[in-house]
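Hints given; two lone chains; assemble the complex.
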Amino acid sequence: MEQDFGKLDAIISAYRGKKGVLIPLLQEAQNLEGYLSRPVLKYISEKMNVPAAEIYGVVTFYSMFRLVPQGKHIIRVCKGTACHVSDADGIKEALIENLKLEGGQVTTQDMQFTLMEVACLGCCSLAPVIMVDDQTFGKLTPQAIPGILEKFSF
Amino acid sequence: MEQITVKVGLASCGIAAGAEDVYHKLEEDLAQNAGAFNLQRTACIGMCFEEPIVELHGSNLGVVTLGRVTPELIGPLLDEYKAGKLPSTNVILAEQHSAPRNDLLANQKRIVLQNCGVIDPLSLADYEARGGYKALRKALALSREEIIAEIKDSGLRGRGGAGFSTGLKWTFAAAAKSEKKYIICNADEGDPGAFMDRSVLEGDPHKVLEGMIIGAYAMGADEGYIYCRAEYPLAIAHLKVAIAAAEEKRYLGQNILGSDFSFELHIKEGAGAFVCGEETALMQSIEGKRGMPIIRPPFPAESGLWGKPTNINNVETWANIAWILLNGAAAFRAMGTEKSPGTKVFALAGKIAGSGLIEVPMGIPIRDIIYKVGGGMKTEKPFKAVQMGGPSGGCIPAELLDTIVDYDSITATGAIMGSGGMVVMDSGTCMVDVARYFLNFTQNESCGKCTFCRVGTRRMLEILTRITEGKGELDDIGKLEALATNIIKGSLCGLGQTAPNPVLTTLRYFKHEYLAHIEEKRCPAGVCSALLKFEIKPDKCIGCTACARKCPVNCISGTVKQPHVIDQSKCIKCGACFKTCKFDAITKA
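Chains as they are written, first to last, in the working numbering: chain A, 148 to 301; chain B, 7 to 595.
With the rest of the complex left out, here is chain B (with noise of 0.2 angstroms):
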């Protein structure tokens, strides 16, 4: 029979979940009883809520995936498979039986992540066996305006966010004259609620790197930087890896392959500064300056890094190149919609089942993402809204869930595609609270360069705090419009002109919630503190007196083991007494 192999995913997510001491449980049982079977790493395979994954090869039974393990269950399942039974708890995935999440993978279509929770993203050579650096070979063998025609041909748009026609990008940046050019990666994945370029550089770093040398090559660039959060150690660590790795095979450094095409790639950590996403500001950044936005034109085309033409795509964007040379602009059309070819990795978040990374072809109904793709909602609470794009996306409501995946079509709806965050919401999610949540992440992010981004966003926010703590007025609303209007006009880059996003779309399709808080002074999702009453269900309370000794301000009082009462006009709705009480005896309404 067929060696037995067990894969361990081990990307960010899994590791948090206890991945690591599943590998190792496997690692000590593999040193007791050497040969009994294969052990290897994987990064994420998408289904972060199954974490941590193991999965199980060889056997008749085909390709076996198992979620949730632990050190203690991982023995005797790995012994029903040897066995050539299906394991009796725990499967997920099974390639040839029914198994409970077989249905949320059929429903993808993965290009970017092909390889992801697939190979060892440490092994060149397990890329290798997978078609990597195929389209490297296929390149160098091409001009460099036959690829950059091939890439203008499948409409590949900028998976960043602003879905910018990346075929044309590239032409402009091979067009300018220069001894000297750059090429960047940016991996400044900033959006809160969004991981999809950190999968890929953990799960497949060589995928980036062949997509920005054939850029390289294509833009005649000899030298490239990636720029990555910080906050991504492993990620950072895999990179580091992969360049080494291929260094070595000669598919970076000098005359790659053999040919007078040579190309310096360098990584560079970013410090903590969200605005370092936006191109100009990143480059800025790489210089070891500050990092704020300039002035554009001239684009960083012409003059970008240090003054010399450069050209700057997202990972995922990178990550799409090879498989379009190698499938051709063709077979990436097939997919998607007219205008927005391929597929789009999102990051599912929030109040949904299936919450992890997910690839779906363009043009597929929000709907679906969510019930055939995310498995629904996580509990029994309705779906509110889906937020897209981070602070510069918006809400988008139930009303509108058949909006088709495409920039144009989400656009309409005030939200944007952004890089891929969607964080799904239910009943419970107040609205407002979510437009303040965000205009506090990007006052505390603005540079300060822009006037209008600067204190504008501060006033935003003190207008939406006040209206959260039920001090807000009516002509609230007009004010927070027309400060919206100023900020995205008076302001430089995209960080700026995107910030009242949030605000704009939940006063679009949520101004009720709005009104409720002004006017009712209620918070309907029963979330803003300070609209709410904490009261004692006197047939619950028990009297053990742990809510009264944790009041901040005393306004609880009763004796022992008898129902204690809050005394309302001295409540600062702090909520404290609620976390505390482990009987359910108090409400908040």
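The shape of chain A in the complex, shown without the other chains (with noise of 0.2 angstroms):
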């Protein structure tokens, strides 16, 4: 099936012809369907004249981007150093056992929630912090992180 870039091409229009559009390009093309799919990087290499090695070189580079489909919300568990000496790990453990991740598997079967690490959230006074989609929770503990994935199942 031929897919539909109607969105992807007013995106690439928008950017077309100026200089150091790569990235922020990418990041919106990203925003689209959550990630970068092999078809949207081949079709962005050819309207913007880049080789598809060169675009892969920067999607693997930058951590925000991301090459398989997501889950409905993603889970980020902030990995600064103050949410590391009060127990961060404990919280992520909590995650994957709430979540029933298995074997390094980052996204549930229902594709509900992506799970993934950050470098810091910068709101360290509320460590542990985690961010579910737009919003941080702090001062975390592993008991409560049931009652926040509730609040964003369905």
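Don't read these hints as lab results, they were simulated from the structure. Just to be clear, a hint being listed does not mean it is correct.
Covered stretches of chain B (chain A as the covering partner; in silico rule of three or more C-beta atoms under 8 angstroms from a C-beta of chain A) [stated by the list, open to error]: (1) 20 to 28; (2) 199 to 205; (3) 284 to 294; (4) 357 to 363.
This one's a predicted model, so the numbers in the text were calculated from it and none came from an experiment. Heads up, the beta-carbon is just placed ideally off N, CA and C, and yes, glycines get one too.
Structure, rendered in structure tokens:
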């Protein structure tokens, strides 16, 4: 099936011909589906006249770009220093357990949640902290995790 | 009587602590009782540990600040204030009365943060009312040389961490001959445990813009970028509003304030790469490439962004510019020390009572920051070390607490001033684990260009990991030191050159902890789980079986309602039982 690149075309035409636009273009393109699929990357490569290898190089360099489909909600576990000394690992374990993620899996079977780490969210006084989509939750204990996940289940 | 004004702190910390709920409750109250008070937004006043924070103005009590406010509490507290009574609970600061946190603020000196938590960051009028853009008007009446001379005389040093003279940096960029020049604000605040720049951008974005506009004028640049990490959505949103407002009032754009000086400013969002905080990597990233550092010279002042002369300063440095120009270099030099004048913003975090954002004059002893400004330790556990400078910095031990805050004194301890993150650690923090944590971070964030950084940090991490697992050997310490020396020598940029610092400083001041892990297979702080022994206290165990069901290797046995036992030969020390037990019946030591 031919993919409809209508929305992507609009993004590309807003950036074409300007300098230094590859990263913001990819960021916007990623917002469409939550990740950058192979056809999307190839399409951008053709339209922007940038080698696919160069685009792939950029996409794999920065941690925000994702090459596989993501869950509906993104959970970011803060791994900053303050969180680390306040047992961020325990929070992550509780998330893995409650989301029933196994063997390094990061997205739940039902595609509701994707779990990732982030270097620091900068809310150190609320450590340990997680961010679900754009909401931040602080001063967490492993016991608080099920309640938070419930808020985002449908 | 004067109208009561209610200000709610709505920076990221406040929002995360529930400040929006308080704000919405106040909006509802206002809808029911129009004109009862003025409701305003502001950003962070720095006392993150007391969030959500609400400030009350206008009664004969003077300004009163409330902490840990909830939607249920705010109504009654506001009624008390209106009635001319000091609220019975939740008061943290009071202008005319004693309050628990008054001292913490009294020991600060706020220049960079002078408007943070005071003004509505989305209001240009608020900024102007506090003297905003006066410095720009003054600058446009001066010659470029006069401005640079003032900055040079002030002795301002780069607040991003390295401490290079800002005036000198400007001189180089100004001297470069080119039709086109760029200036950049480095807002890629990546050190874990640091959030100074975020707070300034969220709380007082115009201050950064004004500094940049003055800098652009002084150096002859007509285009600039603010490179901000994407993890700071609120900071980016506030910057966008501020830029639009400044353009409308002709502080930005063509013919600024009717002069022949024009300056265009863009925001670039990072995409998640710590190394982009390094200036050459940052410029590569703006150009749309992989953010990998390049060899200097040529320095950015000669050939930077798209090969044009470029000047990069960090957020806090830019935020100092307007103040210096308005108050003069001498006033700036009146604060701080001879070689490090002015103030410094720090983000206090970790095991400290008053975590949050502070600004203090340079030259203050670290001890005073922790005990007079930060309110001391969070729990009864004693102070062990303070980590400064994030992954590039080091741990300063208790015996060096009287070290004063200036670039050179901090560097002498083996740590660095850094951008301002201060993570306080107590006796419950394992220093080997801390070193491993930072190495894990730099190892992940190494861009991979230089072999020593890419492979060397990995080898160091492996050694540190095996020490924390009780598999370390005595010559591991020598190996760590040798690797550290080579990584420092063999890396192109600051990331690699400073990556070994957390290991070197902990080896210097806490070698006994490394030795305890290696020789005695013991973690003195009780953190490294592989070295701990988990035991069940028979007198506390009620036999609920929760731990036995949780144990992944089935090494806990016992009958229901009888004390259970851990089979030490099978225990993998995962700590699952310890976390599960609700009766404090399991010990780890």
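Outcome of the hint check:
| no. | hint | verdict |
| --- | --- | --- |
| 1 | 20 to 28 | holds (count 3) |
| 2 | 199 to 205 | holds (count 4) |
| 3 | 284 to 294 | holds (count 4) |
| 4 | 357 to 363 | holds (count 3) |
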